[in-house]
Amino acid sequence: MNGRLKFDAVSCEPRALVTRAQVQLSVGGTQRIGIATGLTATVSPLDIVAEATIDAVQGFIDRADITLDSVAEVTTGQRPLVVVTMGLRDARGKIMLAGTAVLNGDPYLAVAKAVLHALNRRIGSLLQ
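Numbering-wise, the sequence shown is residues 7 to 134 according to the numbering used here.
The reader is advised that the hints may include incorrect statements.
[Stated by the list, open to error] Pairs of lysine to any residue residues, derived as SDA-like cross-links and limited to a Cα-Cα distance of at most 25 Å, are as follows:
| # | residue 1 | residue 2 |
| --- | --- | --- |
| 1 | 100 | 10 |
| 2 | 12 | 100 |
| 3 | 12 | 105 |
| 4 | 12 | 33 |
| 5 | 100 | 53 |
| 6 | 100 | 132 |
| 7 | 12 | 128 |
| 8 | 100 | 69 |
| 9 | 100 | 74 |
| 10 | 12 | 104 |
| 11 | 12 | 26 |
| 12 | 100 | 9 |
| 13 | 12 | 126 |
| 14 | 12 | 68 |
| 15 | 12 | 67 |
| 16 | 12 | 93 |
| 17 | 100 | 61 |
| 18 | 100 | 73 |
| 19 | 12 | 75 |
| 20 | 12 | 115 |
| 21 | 12 | 69 |
| 22 | 100 | 65 |
| 23 | 12 | 89 |
| 24 | 100 | 75 |
| 25 | 12 | 32 |
| 26 | 12 | 51 |
| 27 | 12 | 61 |
| 28 | 12 | 41 |
| 29 | 100 | 128 |
| 30 | 100 | 89 |
| 31 | 12 | 127 |
| 32 | 12 | 79 |
| 33 | 12 | 35 |
Hints listed in this document are in silico derivations from the structure and should not be mistaken for laboratory results.
Assemble the whole structure, with the sequences as input and the hints as a guide.
Structure follows, in structure tokens:
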């Protein structure tokens, strides 16, 4: 399978105790859904969406591990951005990656897109 991962859908449900996020990605005709949960009091919903996106990506690859480092909202000029950093470990070693997306109203969508921005060029050869 080759090509780029494409974003299909994202949802995040912050509740009193636990926040749950679900992200759907596709490549070709194959779809994967990633799910992540975290304690609402201690984990940002943006981090949970990033973890769900990584979980969906991991459904397409088996020769690499991806670990979330950070998620941040930043402003540059007049535009708010989401920046996601993560580590990718494969047979060649570990590298740190960063991805960005413009925050156009939906922070969860921006997080999912930032994760894909960081990973798409690196994982093409790892797609199953």
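Hints violated by the structure (listed by number, smallest first): Hint check: nothing fails, all pass.
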